[in-house]
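J.: The listed protein sequences derive, respectively, from chains G and H. Residue 441 in the working numbering is what sits at position 441 of the first sequence, and the numbering runs on without skipping anything. Residue 259 in the working numbering is what sits at position 259 of the second sequence, and the numbering runs on without skipping anything.
Careful: at least some of the hints might be erroneous.
Copies of the same chain look alike in the list, so a pair counts if it fits in one copy or across any two.
Unchecked claim - For lysine to aspartate or glutamate, the following EDC-like pairs were computed, each having C-alpha atoms within a straight-line distance of at most 16 Å: (1) K255 - E388; (2) K58 - D327; (3) K155 - E211; (4) K429 - D65; (5) K232 - E81; (6) K228 - D445; (7) K432 - D36; (8) K429 - E136; (9) K216 - D13; (10) K270 - E136; (11) K353 - D75; (12) K293 - E166.
Keep in mind that the hints were calculated from the coordinates and are not lab data.
Number of protein chains: 2
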Amino acid sequence: MFEKYDLTKTIDDAMFAESLPPLKARLSVLQRTLRDRDIPVIIVIEGWNAAGLTMSTKEIIQALDPRGFTLHATDNPTDEERARPFMWRFWVKTPEKGRIAIFARSWYSRALAEKLSRVGWKKSLKDEIISINNFERQLSDSGGIIIKFFLHISKDEQKMRLMERERNPLTAWLVTPRIWDFHYHYDTYLPIIDEFIENTDTDYAPWHIIEATDRKYTILKVYSYLVKTLEKKAASKSEEQSRKGKLKSTTSFPKNPVQRRSSPVSSHSKEECQNMLDNLQIEMLELHYLLFKRKIPFIIVYEGWDAAGKGGNITRLARHMNPLGYDVLPVAAPNDYEKQHHYLWRFISHFPKAGHFGIFDRSWYGRVLVERVEGLCSEPEWQRAYQEINEMEQDYVKSSGGGIVKFWLEIDKDEQLKRFKQREEDPLKQYKITEEDWRNREQWDLYDLAVDEMLARTNTRYAPWIVIESDDKWYARVKTLKNVIRYAGELL
Amino acid sequence: MFEKYDLTKTIDDAMFAESLPPLKARLSVLQRTLRDRDIPVIIVIEGWNAAGLTMSTKEIIQALDPRGFTLHATDNPTDEERARPFMWRFWVKTPEKGRIAIFARSWYSRALAEKLSRVGWKKSLKDEIISINNFERQLSDSGGIIIKFFLHISKDEQKMRLMERERNPLTAWLVTPRIWDFHYHYDTYLPIIDEFIENTDTDYAPWHIIEATDRKYTILKVYSYLVKTLEKKAASKSEEQSRKGKLKSTTSFPKNPVQRRSSPVSSHSKEECQNMLDNLQIEMLELHYLLFKRKIPFIIVYEGWDAAGKGGNITRLARHMNPLGYDVLPVAAPNDYEKQHHYLWRFISHFPKAGHFGIFDRSWYGRVLVERVEGLCSEPEWQRAYQEINEMEQDYVKSSGGGIVKFWLEIDKDEQLKRFKQREEDPLKQYKITEEDWRNREQWDLYDLAVDEMLARTNTRYAPWIVIESDDKWYARVKTLKNVIRYAGELL
């Protein structure tokens, strides 16, 4: 892509002085429009070292109301970030609805910095391109706007600028050997960056290459692309939204290959199960130490009918784990703050760090279960979610070196009724049963269909579903624990 | 304190089996009661290495609903935490109303680990005791409960346990040379820890020393203290709250020594000011680089009458600063999520990290201005706030090595009217003026009194107030910039 750009372009003072103020005014108005329309915006500023990233960032924010944007300077990851999958640090910084997030350097610079120096970088960069495109597409699909700039200067221009910085004692210390190293290999990196940009230049998140030799030309070009793209995208977003809202429902999906059963094939006494549990818990304790030591994370998802026994199951699972090495993440309806973000945001933010277990008591599958059945999201939204969830899970497994296992706790409809009544009669358990549980029960058939579709569409090699026959609580506890040990054990 | 404890205490199996279940049930009910009453709880678990901290933590959480607590394992600070004042990482983790935060090790272990190995540790530990007591008192005053446990074992017992861990290949790697080092110096640390505990054993946050030789005895004692203290505290909190609500107002406060003037003594032309600004902005740019390089943070607080020109003033101040080195933090009314925390929490969370500027466009002073005048907090709450704010600012300056300067932008009442009208007439600025501004203006005299009291009570050596005569916008910009350069410059 780079060869077609003319790096000698400049602009004269008069033209600059005339053109900039109206663009600033338009951007300022646009910010308020997008805020009122709840559209989140991501602006990525990338480019060669010394190409003017800071200068351009400074110029853009001149026109913006500080109440509505956040600037993220992307540098080496912190320890906290290093203990998570690659895209985690960016996911958690995605803007709320109506806000602008500016990334001065981003996942692009980091992918280059962190992948290029490793064995197998070509493959790993290709994987990264898939992750990045998925990430950007998902944000765009949920109504966000993404605009990306690459500030382009020649090798000679870069050398001149770096030397200038080195002559100034205030800035000399910022020109590190690493930056010079990158400069010397400008010609090596050029085609790699070119290809990277070309493969991530999409409809939903286009790149704008800026010839950044002349300061004024750069500012004007950044501003005019920004204003034009935001205006165009803002217009097309509203069309898309309404078009998406009208998508027709499709009820055909592959047959669910995961067999659902509420009782185990062969029967087990409570005592047998308790004996097995005791032994399994010791295995689990040992496994937990080993995963912790090797910094391998693991996600366990619990979904299931109300009163299927998720809570008790989780307690038994965790019984002999070190509480400092796992988190139980109970998932309720999103709060107001969480609703301002992409629906996956609140889950990704809580993904376990290296060496830890994250046990989700309900999860992102709420999108295709309760949100689908209760109409809390539109049909195109939950239809899209199967793919988004598969991508997210695959990305997690690939980039964290960890694993995911998902349990569906199945009980019989009559068994549920029995348990509901038991809860109502027990004063210590009454608080566990609410009107909502009864309402959900009335929708059993709709949920049933949703569960089938979920199992069919999201049972993957890297994040399998296991159905737990939970009419028998004790058997259920043995089976989950066995499967955690099996799947997590495979990672050692 | 330690000598009076008998480390040979044990408990028999029958007694244990009988006593524990009812305590667990009571704790479980207490958790729901405290949740319903919106009372946040902090449980601190400290003690000698291998004294059973993990085991005790595991036991406590058995009885708790995972929806209502968070467990924080405190270890070495992350990079992010290291770039902030010592107490920051704990402040940001204080629980929301109605939730329990369990700290497995806490500010106590970290103060010992981080201060003891430094020159001047005695003085520094004394300072830390003041900070910690302030922190705990502030949380308690705002309705929180704090319970602290220290698990005590003898040196011989510790040695035996560490050796046992070393013999097990699963846990051997956890017994680091540092832990052995701490063990060898058990007798040196004992009196230091003793004094530390004694000086932080307060009514509002009492310590419980647990003789932790026998596992069952430890669990039972932790549980019974926990249940007893929570029950007692929960009862006394409600009394306190109502008593506090009844405190009588006191309108006498020291005369405000900070002179308030809305116009400068001598007049300056716009051109003179702009020239001065140009030069000051270059100084500011250089200063910013130097502070950044030396990792010194700086907080600037802007308060002032509506339409006093805070926004424009901030823009001019930041004009030549590197956008990656400062944040403008616009402060509005707290959102629902922020309201669940201590009122200082949302500000402390955004304190700038090492080398950065944090520019607050309105601030924690809202407590003694808008919240006082509009009755958004009780009188005892804002009366208490002066001291709390002074403590917080002093703590920040001391523990970050940075500085704070606070600007009060003063304008004349007539000047405000003129500006309100100008805004209403300008289509581009109309959005800036709302009904609320007019309502606030009607309360001018009440605000006036509140401003005087604020300046009188919170103008300190380490965080001074500077009144900015803002009838003349240009002069105001020059004066703020000059003062930032002066106060931040002193830190170099």
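J.: Would you mind marking each hint as holding or not holding in the structure?
T.: Do the hints match the structure? See the list:
no., hint, result
1, K255 - E388, "neither (20 Å within a copy, 63 Å between copies)"
2, K58 - D327, "between (40 Å within a copy, 12 Å between copies)"
3, K155 - E211, "within (13 Å within a copy, 69 Å between copies)"
4, K429 - D65, "between (51 Å within a copy, 12 Å between copies)"
5, K232 - E81, "neither (35 Å within a copy, 42 Å between copies)"
6, K228 - D445, "neither (49 Å within a copy, 48 Å between copies)"
7, K432 - D36, "between (40 Å within a copy, 15 Å between copies)"
8, K429 - E136, "neither (45 Å within a copy, 35 Å between copies)"
9, K216 - D13, "within (8 Å within a copy, 81 Å between copies)"
10, K270 - E136, "neither (50 Å within a copy, 48 Å between copies)"
11, K353 - D75, "between (20 Å within a copy, 15 Å between copies)"
12, K293 - E166, "between (44 Å within a copy, 15 Å between copies)"
The structure fails to meet hints 1, 5, 6, 8, 10 from the earlier list, while all remaining hints are met.
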